[in-house]
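Undergrad: Sequence:
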Amino acid sequence: MGRSVSYPTGSVVAFRLLDDGEDEDIDWVYECLVDEVIDAAKAAFPSFERFNGWRGREDRILLRNAFADCGISTYCGLAAIWLVERDDARYWEADFYVPRTARARHWLAQVSGRFIDLFGDLRLVGRFSNGEAIFERSRSTCDIGT
Numbered sequence: 031m032g033r034s035v036s037y038p039t040g041s042v043v044a045f046r047l048l049d050d051g052e053d054e055d056i057d058w059v060y061e062c063l064v065d066e067v068i069d070a071a072k073a074a075f076p077s078f079e080r081f082n083g084w085r086g087r088e089d090r091i092l093l094r095n096a097f098a099d100c101g102i103s104t105y106c107g108l109a110a111i112w113l114v115e116r117d118d119a120r121y122w123e124a125d126f127y128v129p130r131t132a133r134a135r136h137w138l139a140q141v142s143g144r145f146i147d148l149f150g151d152l153r154l155v156g157r158f159s160n161g162e163a164i165f166e167r168s169r170s171t172c173d174i175g176t
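Taking the working numbering, the leading residue of the sequence shown gets 31, the next gets one more, and so forth.
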């Protein structure tokens, strides 16, 4: 099976290319993208706070609020910027006393379109049987001529 960029199950995912030029330092480009995601997501969704963590081994959490994690995953020059319901012990303990899951899913549904518009340059079209993913430029990217 082919390998593709990782992201947590159930995520709202925006895809973007990391390397636009051959001469760029990919680590620098990655750190600039991380800074951009943090700044733009905090501006668009003020409830987010910086958070340094991981979901598994490949999915880096950058921001967190009461309901969701926002993070980034990369593989071979492709970045997946994702938003997903929290899945940590503190979240589920709080949910036991005051249910949050329904509110979290409602919030995610409300912000998902804006999130994709904010970060998505590519749209996942489908996958081959070997697992390789096929992308196309998002319409909004094509409309502005980038």
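Check before you lean on any hint, since a few could be wrong.
[What the hints assert, rightly or not] Computed beta-carbon distance windows for the label pairs: (1) G83 - I164: 14 to 22 Å; (2) D57 - T131: 32 to 40 Å; (3) V128 - P76: 16 to 24 Å; (4) T39 - D125: 13 to 21 Å; (5) W84 - Y127: 24 to 32 Å; (6) E162 - G83: 26 to 34 Å.
The hints are simulated quantities; they were obtained by calculation from the structure and are not laboratory data.
Glycine residues also receive a C-beta, built at the ideal position from the N, C-alpha and C atoms.
Undergrad: Taking 16 to 24 Å as the hint, is the beta-carbon distance of V128 and P76 inside that range?
TA: holds (21 Å)
Undergrad: D57 and T131, beta-carbon distance inside 32 to 40 Å?
TA: holds (37 Å)
Undergrad: When you take the CB atoms of E162 and G83, is the distance between them in 26 to 34 Å?
TA: holds (29 Å)
Undergrad: Quick check: does the Cβ-Cβ distance between W84 and Y127 fall within 24 to 32 Å?
TA: At roughly 26 Å between Cβ atoms, Y127 and W84 fall inside 24 to 32 Å, so the hint holds.
Undergrad: Is it true that the C-beta distance of T39 to D125 lies inside 13 to 21 Å, as the hint says?
TA: holds (18 Å)
Undergrad: When you take the CB atoms of G83 and I164, is the distance between them in 14 to 22 Å?
TA: violated (31 Å)
When held up to the earlier numbered hints, the structure conflicts with hint 1 and nothing else.
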